[in-house]
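Take the given structure of chain A and dock chain B to it, following the hints.
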Amino acid sequence: MSDALEELDVGERRRLELVEARDRALAALKELEFDHRTGTVSDDDYRALVGPLRREAAGALQELEPEGAEVTEETNDGQGRPAGERTS
Amino acid sequence: MAELGRAALVVSLGLSVYALVAGALAAHLGRRRLALSAQNALLAAFGSTLVASAVLLSALLRNDFSFIYVASTTSEALPTAYTISAFWGGQEGSLLLWLLVLTGFAAAAIRLNRGWARDLIVWVVPVFGAVATFFAFLLVAVANPFATQAAPVDGLGMTPSLQNPYMLAHPPLLYLGYVGLTVPFAFAIGALIAGRTDERWLVATRRWTLVAWTALGIGQLLGAHWAYEEVGWGGYYAWDPVENAALMPWLAATAFLHSVMIQEKRGMLRIWNVLLVLLAFSLSLFGTFLTRSGVVNSIHSFTQSSIGPWFLAFIGVVVTVSLALVFWRLPKLRSPTRLESPISREAAFLYNNLLLLALCLTIFWGVVYPLLSEALRGEAVVLGREYYDFFLRIFGLPLLLLMGIGPLIAWRRASLRSLLTTFRWPTGVALATGAILLALGAGSSVPGLIAYTFASFVITTIILEFTRGTKARKALGATSWPGAFSSLIARNRRRYGGYVVHAAIVLLAIGVAGSSAFDTVAEAKLERGQSMEIGNYRLEYRTLDERIAANATEIRAELAVSRGGRDLGTLEAGKNAYTIEDQVSNEVGIRSDPLTGEDLFVIAEQIDSDGTVYFRVFVKPLVNLIWIAGLVFLLGSLITLWPDAREQRRLVERTRELGVPATR
Numbered sequence: 001m002s003d004a005l006e007e008l009d010v011g012e013r014r015r016l017e018l019v020e021a022r023d024r025a026l027a028a029l030k031e032l033e034f035d036h037r038t039g040t041v042s043d044d045d046y047r048a049l050v051g052p053l054r055r056e057a058a059g060a061l062q063e064l065e066p067e068g069a070e071v072t073e074e075t076n077d078g079q080g081r082p083a084g085e086r087t088s
Numbered sequence: 001m002a003e004l005g006r007a008a009l010v011v012s013l014g015l016s017v018y019a020l021v022a023g024a025l026a027a028h029l030g031r032r033r034l035a036l037s038a039q040n041a042l043l044a045a046f047g048s049t050l051v052a053s054a055v056l057l058s059a060l061l062r063n064d065f066s067f068i069y070v071a072s073t074t075s076e077a078l079p080t081a082y083t084i085s086a087f088w089g090g091q092e093g094s095l096l097l098w099l100l101v102l103t104g105f106a107a108a109a110i111r112l113n114r115g116w117a118r119d120l121i122v123w124v125v126p127v128f129g130a131v132a133t134f135f136a137f138l139l140v141a142v143a144n145p146f147a148t149q150a151a152p153v154d155g156l157g158m159t160p161s162l163q164n165p166y167m168l169a170h171p172p173l174l175y176l177g178y179v180g181l182t183v184p185f186a187f188a189i190g191a192l193i194a195g196r197t198d199e200r201w202l203v204a205t206r207r208w209t210l211v212a213w214t215a216l217g218i219g220q221l222l223g224a225h226w227a228y229e230e231v232g233w234g235g236y237y238a239w240d241p242v243e244n245a246a247l248m249p250w251l252a253a254t255a256f257l258h259s260v261m262i263q264e265k266r267g268m269l270r271i272w273n274v275l276l277v278l279l280a281f282s283l284s285l286f287g288t289f290l291t292r293s294g295v296v297n298s299i300h301s302f303t304q305s306s307i308g309p310w311f312l313a314f315i316g317v318v319v320t321v322s323l324a325l326v327f328w329r330l331p332k333l334r335s336p337t338r339l340e341s342p343i344s345r346e347a348a349f350l351y352n353n354l355l356l357l358a359l360c361l362t363i364f365w366g367v368v369y370p371l372l373s374e375a376l377r378g379e380a381v382v383l384g385r386e387y388y389d390f391f392l393r394i395f396g397l398p399l400l401l402l403m404g405i406g407p408l409i410a411w412r413r414a415s416l417r418s419l420l421t422t423f424r425w426p427t428g429v430a431l432a433t434g435a436i437l438l439a440l441g442a443g444s445s446v447p448g449l450i451a452y453t454f455a456s457f458v459i460t461t462i463i464l465e466f467t468r469g470t471k472a473r474k475a476l477g478a479t480s481w482p483g484a485f486s487s488l489i490a491r492n493r494r495r496y497g498g499y500v501v502h503a504a505i506v507l508l509a510i511g512v513a514g515s516s517a518f519d520t521v522a523e524a525k526l527e528r529g530q531s532m533e534i535g536n537y538r539l540e541y542r543t544l545d546e547r548i549a550a551n552a553t554e555i556r557a558e559l560a561v562s563r564g565g566r567d568l569g570t571l572e573a574g575k576n577a578y579t580i581e582d583q584v585s586n587e588v589g590i591r592s593d594p595l596t597g598e599d600l601f602v603i604a605e606q607i608d609s610d611g612t613v614y615f616r617v618f619v620k621p622l623v624n625l626i627w628i629a630g631l632v633f634l635l636g637s638l639i640t641l642w643p644d645a646r647e648q649r650r651l652v653e654r655t656r657e658l659g660v661p662a663t664r
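Chains A and B, in that order, are what the protein sequence lines are. FYI, in my numbering the residues of the first sequence are 1 to 88. FYI, in my numbering the residues of the second sequence are 1 to 664.
Only chain A is shown next, with the shape it has when bound in the complex:
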């Protein structure tokens, strides 16, 4: 086994940044959905926030996908419908 320390190369570091950005956006989407469901976030605020978040997640996913692969994450132009019924 080589004595050289294995470091992340430039490509791996870029992937790490993208994975972090994707996870951040997906976690934020999940929290937004839940906060909307509980009533903490209103319908109007939800509609205003969900689009940019989905675009962020989709952007990171797209960059992460190997070339030629299809990105299945739904992109949204800000007109997203509230997902699921409110519980309050």
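None of these hints come from the bench; they were simulated from the model. Check the hints yourself; a few may be wrong.
[As the list claims (entries may be wrong)] List of simulated lysine to aspartate or glutamate pairs, EDC-like, C-alpha gap at most 20 angstroms: (1) B:K471 / A:E33; (2) B:K332 / A:D9; (3) B:K525 / B:E605; (4) B:K265 / A:E17; (5) B:K474 / A:E17; (6) B:K332 / A:E12; (7) B:K265 / B:E374; (8) B:K474 / A:E63; (9) B:K471 / A:D23; (10) B:K265 / A:E33; (11) A:K30 / B:D644; (12) A:K30 / B:E653; (13) B:K332 / A:E33; (14) A:K30 / B:E558; (15) B:K265 / A:E7; (16) B:K474 / B:D519; (17) B:K332 / A:D44; (18) B:K265 / A:D9; (19) B:K525 / B:D593; (20) B:K332 / A:E31; (21) B:K474 / A:E7; (22) B:K332 / B:D119.
[What the hints assert, rightly or not] Derived, one-sided and incomplete: chain B residues facing chain A with beta-carbon distance under 10 angstroms: (23) R33; (24) E264; (25) A472; (26) R547.
For every residue, glycine included, the Cβ atom is placed at its ideal position computed from N, Cα and C.
Positioned in the frame of chain A, the structure of chain B alone reads:
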């Protein structure tokens, strides 16, 4: 035995220096085996420090007074539990505990994270090595616990106020907190040197920071209870410099635990977070310096010593090098995103951070002002209770309110219309509470009234969050309400554990406001058979007894207590005269009402030879909520700290996605 202890410490110093030098070389030259060797050196340093600690503990338990440390902190008559607590009761022992916990934490933190963040860990090791080198050097060269002498017949004994069960837990918990803050510091500095300013250093240190923060919080509350029961002046927090020394890093760590969420959710505040970690660690060093240097007059300043200049120099180096590194890495630390709106959860967290930091720096100024004034004008000017209380109200009350506002605002931005809807219930409950309390006479203290009003606002938001969240989980398929509730917490431990911690802070605020803003005091000099009244209580002084305990003569006055004509039993208050230590301590009498949380607190200030006693009596409404807050705080911290399988899976998945084997 002393030779073994000394040798073990020298080995610890050598291994720490090796971890520093070899670790830095390995990281710089990219040598894998050397890096591994430096990591192992830290683990071995823990082992040798453990040997040194065992030697000291053994000497304490054997009452081996040939050890100067043992002779100066214990005596033959000292009960065994307090003999053990003498390990951290003196300067040299507490520094040894610092090194023991530091090397243990360092070895564990590296072991747990080296699989998935190896390129970061290689720079973390020399940072741990540097901090360990400082403490090992102090122990070897400046404050050696293994200095020996011709053994005297008996030791000098322990300061009476330290002979209290709380001393078995309060100091070690504070040290766990102080030392625990080294972990986020070492990872932050390692990340800066390595240029790895991604989120891994935050993920790696999140739980360590929480453990340190929890230990500091619980340690302070135990210290407050110790002061309440043992020091016997009628309070639990006196803004003593050494009490403040533990509060400051806790406030900085609290700010960090909030702002780190903004970085995780939004990728913002990277510079701010690094600075907060540096501040928290520097303040933990400063806290140790204050406690152990004897530079300030305090109930905790048990020794005057020569470690002060060393600590100041080390703090200076830490601050200078850290700031230089931050400056060097500024381009990498710049955030890709910005605050979108002043009305958003991240903005609320930011306001919270600014208030916490303002409170922290205000307290810092209060602590250093007497030192500066003495250095510059030759006279120490102490900033008194009014100074601290004023700023606690100015910054603390808005902080309390923000705890209720933050959770109900959306990330990124929220509309005013949405806020009006969201806040109608908490605002309604808060206003109603304030009006009722005003009608009941609570207007005698405006800050107290505001604190209760804000507290009811926060409690309402917490209840709303749990209720709505549980309903949502039930709607999402949970089979039962308890199932929905537990699933709600299990799926987001940080958020809902955080709410439990918020509830603890509210209880604390209610307890502090009740016991300080609405307390009553009465004083009387009584002969046996005479009585005094305070509020609805009547106290009749009956007898004065003297008894001999293992290491002290106990003098106790017995009082019969009644309230509204109903007999509540008896209460004892008095003094202990410690023979060996030649000191006298107040032993207060406390009667707690479990229903109202109120305490009747009796101090026998002066006991005359004819049996006349000068009593000072307090009634402290709601004071017991402070101690209950400690339990709730611990519960919330445990919920937050509990391992999260989903999170672990996500980290493993992330490592796999990068194509980096988890164990390389």
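Exercise for the section: Return the numbers of the hints above that this structure violates; sort them in rising order. Expected result: 5, 7, 8, 9, 13, 14, 15, 16, 17, 18, 19, 20, 21 and 26
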